Structure formats: structure tokens, C-alpha cells
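Novice: Listed below are the residues making up each chain.
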Amino acid sequence: MTKHLIGQGGMTRRGLLKSGMAMTAAGLVLPAGMAMAQTEPKKGGTLRIGFNSGSTTDNYDPGVWDTNFVQVFAQARHNYLTEIAADGSLVGEVAESWEASPDAMTWTLKIRSGITFHSGGTVTADDVIASINYHRGPESTSAAKPIVDPIVEMKSDGPNTVIVKLSGGNADFPYLMSDYHLPIMPAKDGKIDPTSPDGCGPYKVDDFEPGISASLTRHSGYWKTDRAHFDGLLLLALPDPVARQNALLTGQVDVINQVDLTTVSMMSRNSSIRVLSVTGNQHFCFPMDTRAAPFDDNNVRLALKHALDRQEMVDKILYGYGAVGNDNPIGPTQQYYAADLPVNGYDPDKAKFHLGKAGLDSLDVSLWVAETGFTGATDAGSLYAERAKAAGINITVERAPNDGYWSNVWMQKPWVASYWGGRATCDWMFSTAYAAGAPWNESYWDNERFNTLLLQGRSELDDAKRAEIYHEMQAIVSNEGGVVIPMFASFVMGVSNAVATPDVVGANWDLDGFRAVERWWFA
Amino acid sequence: MNEIWRMIGQRLLLGVLTLFIISVVIFGATELLPGDLARELLGQSATEETLAALREQLGLNDPAPLRYWNWLAGVLQGDFGMSMATQKPISELVGARLGNTLFLALYAAALAVPFALLLGVLAALWRNSIFDRASNALALTAISFPEFFVAYTLILWLAQSGLFPSMVRITGSTTTGEMLYMAFLPALTLTLVVTAHMMRMTRAAIINLLASPYIEMARLKGMSPMRVVLRHAVPNALAPIINVVALNLAYLITGVVVIEVVFVYPGLGQLMIDAVSNRDIAVVQAITLIFASAYVLLNLLADVLSTITNPRLMHRK
Amino acid sequence: MENTRLLTIKGLKIEGRSGDAWHEIIKGVDLTLHKGEVLGLIGESGAGKSTLGLAAMGFARDGCRISGGTIDFDGIDLRTASETRRRGLRGKRIAYVAQSAAASFNPAHKLIDQYCEAPVVHGVMPRKTAEDDAVDLYRRMRLPNPDAIGFRYPHQVSGGQLQRAMTAMAMSCRPDLIIFDEPTTALDVTTQIEVMAAIRDIVRQFGTAAIYITHDLAVVAQMADRIKVLLRGDEVEEADTRSMLAAPREDYTRSLWAVRSFARAEHPSATGIPVASVGNVTAGYGAVDVLKNISFDIHAGRTVAVVGESGSGKSTTARVITGLLPPREGEVLFNGKALPASFKARSRDELRQCQMIYQMADTALNPKLRLRELIGRPAAMYLGLKGKALDSRIRDLLALIELEPDKYIDRLPSELSGGQKQRIGIARALAAEPQLIICDEVTSALDQIVQEGILKLLDRLQNEFNLAYMFITHDLATVKAIADEVVVMQHGAVVERGAKAEIFADPKEDYTRLLLSSVPEMDPDWLNRLLVARSGLTPND
Amino acid sequence: MIILISIIVGLALFFMIGVSARSALQAVAPAHHKPTFRDMPLTASFGLAVILFYIFVAVFAPLIAPYGESEVLGAQFLPWASPHYLGTDKLGRDMLTGLIYGARNTVGIAFATTALAFFVGSFLGLWAALVGGWLDQSLSRFVDALMAIPALIFSLLLLTIFGTSVLTLILVIAAVDATRVYRLARSVAQGIVVMDYIEAARLRGEGMWRLIRREILPNAMAPLVAEFGLRFCFVFLAISALSFLGLGIKPPTADWGSMVRENATLITFGDITPLLPAGAIALLTVAVNFVVDWQLHRASGLKE
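Sequence lines, in order, name chains C, F, P and A. Per my numbering: the first sequence = residues 15 to 537. Per my numbering: the second sequence = residues 33 to 349. Per my numbering: the third sequence = residues 73 to 613. Per my numbering: the fourth sequence = residues 242 to 545.
Think of the hints as simulated: they come from the structure by calculation, not from any bench. Just so it is clear, the structure is predicted and the values come from calculations on it, not from any experiment. Mixed in with the good hints there might be a few duds.
Distance ranges between label pairs, derived from CB positions [claimed, not checked]:
1) C:113 x F:204: 45 to 55 Å
2) F:39 x C:152: 54 to 64 Å
3) F:121 x C:234: 32 to 42 Å
4) F:213 x P:198: 40 to 50 Å
Idealized CB from N, CA, C, for every residue including glycine.
Model the full structure from these sequences, guided by the hints.
Specialist: Written as C-alpha cells, this is what we have:
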């Protein structure tokens, strides 16, 4: 049984390790601040958001957050060391600036002064250390434990400086610190209280009923003056897509996420609302076990890659809210995106040709799907099966239960449905899901050339060279990889016309990178 | 009257036995569920290390019979334990939602029971008339649509025009009047769902008696059809009617998950579903026992009422 | 006479529906009733007595309709009057007393509430007056404890009392006409007398006209001034009671009279080891002893009639013999050998030896099985017959009970008449080739003419197969007809037993005498004489 | 106005179908059953006609359906026009085809489920009533306990444990339904086991199995068949509710319960597509109940 028995299933289920952070060689130190929309934001009003998720087990413990209700709720009351801006760049938040040792093993973070907690205290280095330490150590049950595990030592150097020592060089460290599990919370005796709502973010909590709603009011001492325009927030769990839509249409909420795509076109006819959609790096895919026959033969993989109509999937599964994928997890918005790769289009003859090269006339394979795999996976499977017939490929769609899908099916069955929340950088994406031996290498792919290039790219500081390396890697993945990536899926939100949004809306997560509560305002 | 008390006593004892069987069944079932609380809490990001740590903290490593015994010992002392997933006492978690669930059930019952009985009596009175056939066909149609479908249709008609809200939001300051207004659509949906059953049973129970000699006697005494039905048939048809009402009341308390989801109504059903998916056994047990108690008590109430309204059982020779 | 005429029915036709088709139940009957007169309506079941009685109220049961003729009640045409008008008459000017008071009183209300309903609703008198009136009438009906009995529920009152309470209720508005529909049929003989007497008195006191429906000639002889005989919806004849009894004109009427005359030859007295012997049996349910130390024997070729009123323990005795109720004390011997107490412990052959025929053939025959299986099953089971042999055995059995095999073998019980069903019960018992057959009130649900046929059949079979019968009945006429020996039971004990002739000629016990004297006789003065004779001996009801 | 017209058209259709079905049935029925059909009310003949139609569609689905069960033909949500007379669904499959195959799958699954529930439930119920005593008590207590657990939640638990294949779905719903059938069968049988013919059969020395099969069951059929009709319809609703909770029948197996769920969101925009599968279920439910009512009425022997 899934956590989201009800409703359309969560996109963010897999949390941290599938999220991505931009890692640009040039972006190690960036000034705070970002480009805002031209219109001057107005203050005031209570923003009401209807979420597709929300469970009675939702709580204040940062180690266990995993649905967008708690994720947005967290961003509403907390600040983090760093923040991914709407344009994908990294900016400082609690950390004013940061500096690495040449081997990137020691990081010195400068804590911004004058940030206050809702309860009154000022954010100090000790708070930061306690907040991060909460996720470390053998007793930690935090989902962010793997992120902070490489930290060997944290110490303060005065109230505004934190020095972090890592077990190995990691140029990504400041990005990692923007992870939503790592809010800065007040420390007492060197420990944070994981059951407390106290934070240094834009809103403070008035009331929280897990699985039902949360209401917040603006934190009067919030340090950012150009952000957090609402007087208050009301976050509502509306798992049923119809309930969510109706709440928006009847004006009971101002914003909803995960609009039901089946009816989005009808909903958008309503003149009092608009549909907001951003395409980031979130993609849906069908990874196969490249160790097992018949998927160990690249000809079979290629045949399968030519046996599906990607545009049809974007049209029918995403209702156009997305983009065609080319079996390459790197999305068009990314810095090193290889736009000139040959496209793996729907071509039954070509698929047959590749099948022939594999010595086969026809192919019978099973594809395991579940709605937790990605929303619409079952339908996508049906479409795939329908189109593959023309190439002599018989795909049996096996619908697995949502419950236990990630433990019993994904990476257990030879061919499954899966999704990635998106990665802003090539290295992060590749090293998580395509490097040989990586725990989430869901296709068990092992390509020597690719693995060599990955190490080179990570240590390479020259932009042009990096671009070349990543270009080649993308070509290899697209042609030889074990993952069929038919489409990139947009985040689709319904927004009342009373709500104004900036020109650039974050695509790294739903609801403007979870920061709609801070970045949007009432027109 | 003593016999009634004895019956109540016996039935309550049986009810306790029933609840015990249920708790074993449910505990067994939750044990069989794939995955466990730790895995569900940590989600996909779980590692073996964090799982082991959490299992140790939650005491999930104890053998199942021991955990059941600990739970049972607590319950026998009136302590339903803590929800392990939320680390809150069960009573706190369940309390408010139980109130909401009962409110909705009573609200729907207050609409549905009089409506169904009235329709049933009228259908029996005017049996085989257009009214009878039409109400029967409509009632059947209403129950043959899935609940969420009925709910969506009502939303289309009554919520989108702004007449009634499509979602229920209960805060500390919500007044009863506001509750009645907000919960109208869910209550109406439930009314449509349960009316048919009660109405058909009422009609059948009454018509079933119309061939009785005492009904003919009443007619031969020159009583009007209305009086024949109300005064002579209905009092004797009470037992099946009370039973079907009790059954439907039990359903209104225990079976409204779908309605809760559609109307965002914070009741026990949603909590139950969440608890099942989280493998939060103590919560699952507590809610199942509440539901089962409701069922047992309503059935008992029905039997007591049937007895009280039946002179043959109340006044022995 | 013309001005005293209360009810005039002319050419009345009533139709009943079966499916889409209507067929006539009453085929053009005339009836005239004067004020204060009592008319007896008699006939067998299906004669249309009740239908005609109800039609006198302008009422037709569901599924029936009055299709022709006129019903004039005191100048009101009940056929053309509006339903409201008719309702206004019912209960107020025409009242009804049903056969089973236990079923016709509403179990949910107290007697007095039901009494008061008609007077209050019809506006005859206010509730308070009605209550006082009820007590008065209860007293006149000689109900015990008349002040309090009205505040009881129907199930708390005995059958005979209920029947009187119902008559009182019918009287509540002092109607001009009361329809009595077999008011004493369901009662024991001793109770029947009380009720008959009470009804007759009250009708006379108030000068109420009545239609008294019954199938029992002896009863109607006591109650009616005139008698009308019906047969299948047609009038056979009508005459003044005494002249009808003395000289029935029609053959059919005479055949009704003749039923009572069946009696078979007495069998030679018992010798040898009895087939079944009940020895000092005490048995009961729970802690209550229903049978108290009873003993009697049944010999081959002979019939033992076990007589008693309801609740006397007759049927319980049968249950002990068949093994359904293991006795607390005592035992049942079969051919001198003790039988296991419970039927579960008995061998198949022991089960076979003792067969049973039930009172209600409707409930004794599985309605979903065809005759072939109903009769064939015991033969197949006990005697191992199969295929052709079984088929021919079934046909033989059908022939034995005088049913044409080819016509009936594949019928369902519902496709048979009541008497035919009872014959199947007999055939089923015979199929096991038993030594003893227990007949539990086998004729009491049947019309008299049909009864006679069954009794004759049983007699023939007994002679043919040397069967022993245990004949349970409450009907002394039947006992007279078929028994060799009589066992009289009361309150679970044997009061008296002996050869039939002795018992009937010279009863030793009071109870036996009471029982015998309570059997109505076809003499209009019988009831009067009996009441006078008994005036010293008050009924124990 | 449109509502009025559709009511009139609906009633006209109802009478047409009812009357013609009645005369057709009368014509083909064997002689001794003719009166049965002649007397049946219009509602019953209408119901019977609908049921026969559904069975026909279910049996001959591949022959009737214009396209293949899972064939994707064109754009999604096409309007009602030739060649897709009822439009297409969200993947561009022919709606009419889906409904036709849905009849086969839905009716098949519902039938299998109900049959299983009745086999188990009525056997146990009759057995308990016949044997009585300790067996009856323990079985009844256990069934009481199971019935006290809300059906939806119980099925949800079981389906989560055993997965959501069609087979487990059938087994689980049947298990839940069997408890209800047990209760009914037991109470009906309790009325039958006190009959003289059962006593006669027991005294004859008949075994338990024969008592149940030949003596009790045939007489308990009427209420059981009526209940069968109702339970049969509720299986669709159960599947529909379960698919609302994400545990319905797997695609590409088209079934009405899941189709309603899939399309239900459209209803709030006034789109009538979801009405098709829901209407198909409703029509069958109403039809089955009409026939059941008629049968019960016949069994009760009431003349009205």
C-alpha cells in the first residue's frame, strides 16, 4: 500500500536522493538575491494552497519529510543554509557565503547575522551545527543521513562561522545544504528539538493538524524584506483530484498542485484561474536490467527505444504538459544539454531491424508498472504495448500494487516504470543513476567508457572540456543506456488569477521549488 | 425488564469476545502486510542502517506475539497506546476525528432515516402505484452508482453554483451551524446511499405483514388504509426496520472513507487508511475496535429496541 | 317480514385471480338475513363460505373481486357504495369474528386498545366509555377477571378466552350483523363448548343477526336458526336448522351427514409380544417433565389411539418413540428389545421399522422434491432398490395409495390436493416397509369426506400388511372410527386406557367423561342439554 | 425541458422493451412455463430483457465490439461521432468497445465472485443451521467478528497483503461477501430445519450432505437467489470503491467499476462520459433487482 492510497500518488515519494542540485564549476560562490518580476509585489492576504498529499503521520521532524505538503510547510517556516533560486542557480540563505579549501574537503560557511527564530533567538553557528548534526551519527534515522554522512567534523569559529570537514573532496557541498531535510532550527544544549515548529523562516505556525491542514502567519522579524508577501498561509491536504479542482474553482483555495491532467483543459476554460506549468528535469522512465536477457543485448534495447511513440505519450499521458525525452536524463534546461543528439523516434521498422540484429523475429517481454512508478504509468505501459505490436514486440503490462512497489518491484523486476524528480547537473544525475555500482543505478548498467568519463568530468574545471565530456556521455546513455526515457513531465499547478507569480518559476520542485509561499503574492 | 438486562449483559460479553477475535485478526493481518512501520516512515530513502536504528527505537524487533500481548495488556488497563508513526497518544489522535465521524453519521442519519421510513411507509401504503414504482426505481438507481460518483454529481449541481461548499474545513471556532452547512453535501450523499436499503426494507417488512389475519381484521373493523399501515402493520414491522436502520447507522460510522476523501472530511476513515499504509498497528487496532464496537453496540441497541417494542418478548405469559 | 330484512344478497358472483385469469369462486348465490337471525353457512374447504361471509361486508380479499349480483345491507347497496361509506359500516354495523383469534388480534396492542379502536374511530363512543363497556362485555362473555384481562396482550391470553374477547370486540359498536368465520374450529373440544355458549348468549342478548360459518355440522346445529349448504361456490340447499338436520334434501348434504358413520370392524384382541412398548417413560424439555411415567403397548395389526387436548403430551410421546426426544426415565421396547434412546444411535433397520405420518402434509413433504424421490428415497435407502426395481416399487406404492402412477410420479407436492398429499405421506411411510406407523393427527387438517378416504386407506393397508398404528388425535370421532385401543392423556400423564368399546361405553375417569361429552352432536338441543347437565360442573377454562 | 423529454423517451423505451420482452419470452418458453411469463410484471420483463442483453454482449464481446479491447485508435476524448459512436477514452481507445469488453470482464468477475461467495457462505450457513450447537455458535461468532470489521477496510487489508490480481480480487470480495451470505443462509435454514420433512429425513437416517443438498438447499433457493442478485450488483460497486482507493482491476482489462473511477473526474465538468459505465452498472442493478423483486413476490405468494 502506498502512502498515497488516495489521489494520484506523489511525485516526491523518493525524496532526497532523486533530487538534484545544480553544480556548476563557476557557481561555488554566488551573491544572494535574484531577479524578481518587474511588477512590485503587494503585501497581504492569506494564501490558501490545496495539496495532493498530506497524511496523519506528517510531523515536524525534518528527518522524515517526504511529501510536498510537508516540504512546502517546511520551507514556509524554515530557512536553509542555501537555496536553489528559481532560475536554478544557488544562492545563500542562512549561509551568507562559503569558501572551500583547495581539495574541497574543508568548507568554511559564514552565517548571516541578524536572522531571528520565531521564538526570538538569533541564528548562530551552534544552531547550524546542531541542525546538521541531527541527521548524523549511528542513531540517526534521517532520510538525509547519506548526505551528511561524509561530514567528519563540524565546529564553530565564533558565532558566525562554521567549519565543516569532509571525508573526501566534494565541490557540491553547498548545494547539498539546500536540501529540504536540512532546515536550520534553534539548538538547546547542542541539540535541536525535532518536534518543535520553531524556525527562522518567513512564517510561523499557528495551527497544524496532520493530514488536514496547517495555518501560519508572517514572521514579523523575517530578515528578507523582498520576500514572504502574504500575511498568512493556509495549507490544505486535498488528496482527491476532484476535491482539489473544485476547491480552486469555487474559490475555496487559491492554488492547487498536481492538477488532474484528464480535466485540465476543461478546468482552464474557467476565466478566474490559470494553469501554471513548468518543465524541469522531472522525467518518467522505463529502466531495464541490462544484466539480464534479453536486455543485456543493446540491439534489444534499441529496438525497444524505437518501439514507442514518445510524442503520443506526451500528448496522452501528460496531456501535452511535458516534453519528449530521448533516453537521456539530462533535460534541455541544463547547462550541458546535448541538443544535437539523433532522436530515437517511433520507427517500427527500425525496431524490427534492431531486433533482427539481435537474432530475433519477435520479442515477448513484461513491463511492471504502478501508479507510484509515475502518474499514468499504467496507461503509458498500455500505449507502449499497443505501439510495440507493430514492431513484433509483445509487451505484457503487469500492474504491480502501489504498496511496496519501490522495495519489491523497482530494481527487482527486469523492466519497470520509474521516475526521477530531476537533476540540475550531469554529474549528480549520472553518478546517482548511471554509474556502475551506484545504489540507484536502476538499469544495472556498466559502461566502461561512460564510467571513465564520469570521473574525468567531476574533476574537470574547464567549462569547454566539461561540455565535451558530458556531451559524449549523453550520447552513450541515449544509444546504449538501459533506460527508456520517453518524456519529461511538467509540474502543473492551478492558480487563481488573484495570485501573482514571478516571471521565472522554479522548476526544480513543485510549487516554485516549494517556495511559492515566499515568492508569490496577491495581485 | 430483568431479562433485557440479562440479554444486554450477555451480548456485551459476546461483544467483548467479538472484539478480541477482531483484534487478533487485525493484528495478524497487519503483520502479514508487506513492509513495516520503519520502512514506511523512512520511505524510499531508507538505508539498512537507518531502518535498523528506527526498528530498534520503535521496538519492532520484538516477536509478534509479545507485541500483541503488550498491546493487549495496555488495552485491558484502558491504555490504547501511542501511535508509533506520529508519536502521539491514540486518544488524542482519534478523539477529534471520532467526534467528526459521529457528527457526520448522525447528520446523515437524521436526514436519511425519517426520509427512508416515510418513503417506505408511503410505498407500502400505495403499493404498486406509480409512486411506489418510481421511488423504488430511483432508490435502486441511487445505490447502483458508486458513492464517489454520487458525490461528484452533487458537487457539480450544488457546489459549483456556490450553494454549498465542496469541502469541509473544521477549525476550533467552527460553530454547529457552520458544521451543518459545510457537511451538508457529504451528509446528502450518504443519505442517497443508505436511503434505498432502509426504504426497501421498510416497505417489504410492512407488505410482508399485510397478508396477516390481524391486518384483515383491522380492515374489517373499517379502519382507513393509512391507519391500517401505521397502527397495525408498522408496530409489528419494527424489528426488521430497526435492524436495517442499525445496520445502516453502523455503515454511516464505519464505511464512509470514500466520502471523507471526496469532501475532505477529517473523519476516522481517512485516519484508518493512513494508519494502514503506515503500518501503524496501534492506530489500526484502535480504529477497527471503535468501528467494531459501533457495529456491536448498534446491533445490540437494535435487538434491545426490537425486544422492547415487541410485547411478546416484553410481557411474558 | 319484509321490513325486518337486514341483508339481501342476490346473484352474487365473486372471482379470484390466478395469474392473469379470473375464475369464479362464488357462482351466483342468493342470501337473505333478517334482523336478529342466525344463518349457518356450511361446506367443505373451497366451498366459498368465507368469501361469501366477507362479501356480506362488501369486502373482497386481495386477489378477489365481486363481479356480479347485488349486496343490500339495510338499504345500502354495498357494491356501489363508496369505499369510505363501506368503511363506515365495517366494525360499526357489520362486524367480523375470525377463525383464529390468536392470529387476528394484533400482537402489538393490548386487547382493550383493540376493543376501543372501532368505537372511537367510528365515533360511537369516547375512549373512556368504550373501556367501561369493554369490561362489561368481557363479563358478559364470562371471561375470567374481566376488569384486568383487557390490559393484557393477545399472547398472554388463552385461545378460548381470545375467541371470546374477539366476539366482545365485534360487539363493541353493537352491530346489526356479525360474521363468525369458524370461530371455534381451532379450539379443543372442551373449550369449544364455552365459546359456543358465550357467543350464542351474547348474540341473543343483543338481538344481533349473524352469519355463522363452519364446516362442522354439529356446531352449526347448535348455533343457527337456518342453514345454507355451499359446494364449490354454489348453493346446495337452504332450510330451517331442524328440518335440514332431520331431512336433508340433496345428496351432497346427505353425504356430509354420512361421514360420521364410518367405523371399521374391531380387530381381534392383542396377543404376543407387542411391536412397540412404551415403558414408564418420563421425558421433557429442560427441567420440565412433559411426560410423566407413561406406559402402553402397540400390537401388530392393531391401532392404538392416543387422545387428548393440545398440550397433553401426545406428540411428545411420538417423539420419544421415534428417538427425537430421549426419555429421562423409562424405555421404548421394539419387539421386546430395547431401542437406543436417540435416533442417532439407532441402526438403519431400527429406523426403518418405525415410520411417521405427519399432521400437516404441506410441511411434511419437501415441496421441492417430486413424488418419485419423495416416495422412492426410503425404498432406495433402506431396501437398496435401484433403477427399474425402484421405479416399479414407486409405481406399486402409488397404486397402493390409489394414485395413478403415470400421472403422478413426476409431480411436485404443490400439484396435489390436501388429501393426495396425505396419501403421499402414507406411501412414504409404507416404502420403508415398517412394522409400526405413527400417525400424528393425520386427518385433522382435512375435510370430512377426505378424512374418511384416508381412514379407509389406512384401514386397508393395516389389514394388508399387518401394520401397527399409533394414532394421535384430538378428534374423538376419528378415534371411534379407527381405534382398537384408546389411551387418554391429560397434562402429560395417561388418564385412562383400554379397549375402545370399554372406554366409550363406560369411561372410568372424569376427564374421559368430560372429553366424550364435549363432542358436539347433531342435535340442535344438545348444547342446551349439556349446559343444563353441567351447570353443577363449571368449566375449568 | 430536456429532462422531461428524456424521461418520456426513457419511459417509452422501458414499456417497449418490457412488453416486447414479455411476449418474446412467452413465445419461446416451454409450455408449462408460459403462464409464468404471461403474468410477470413489466418491470420484471424489462429487467430480464436487460439481463439477457448483457449476457449476450458479454458472451459475444469479441464479435460485437467494433475494435480490439486495448486498441489505441486516435485522439483522446473524441466526441460522439462515427466511427466512434461513443467517442474515445483518455488513451484514444474506442469507448463503445471498452464498454462491451467491460461487460464481459465485469459481469464475469462479478459472477465468479458472487458464485464463490454463495457456494462457501451458503454451505457453511446451512451446515451451521442444521448441526446447530457448538459448531453453529463458533462459526457464527467468528462471522460476527468478521462482519464487524468494515468491509471496505477489510478488503483493503487483504488486497494489500495478497496483491491485486483479478484472482485475489475475486477471492477477497467473495470472502467478505460470504459472511453476509452465511448470515442469510443460516437464518433461512433455521426456518427450514424445523420443518417436518427435515425431521422425517433425519429420522430416515439421511447424512448431513444429503440433508443440505436435497432437503434444505432447494427450499432456501428463493431468498438466496434474491440475495445473489443484490450481491452480484454490489460487486461492481465494491470494485469501483476499491479502484477509488487504488486497488481495482488491472488494465488493460476493461471493467466498468474502474472505468467509472477513471472517468469520474469528468463529471464535475458536466461531461457525460463517466455516465456510460456508471449507467451500465446502474441499469444492470436496477434490472437485476426488478427480476429479484418479481421472484421474491412470486415466492411470497402475495396476490397483489
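Novice: Under the constraints set out in the numbered hints, which ones does this structure not fulfil?
Specialist: none
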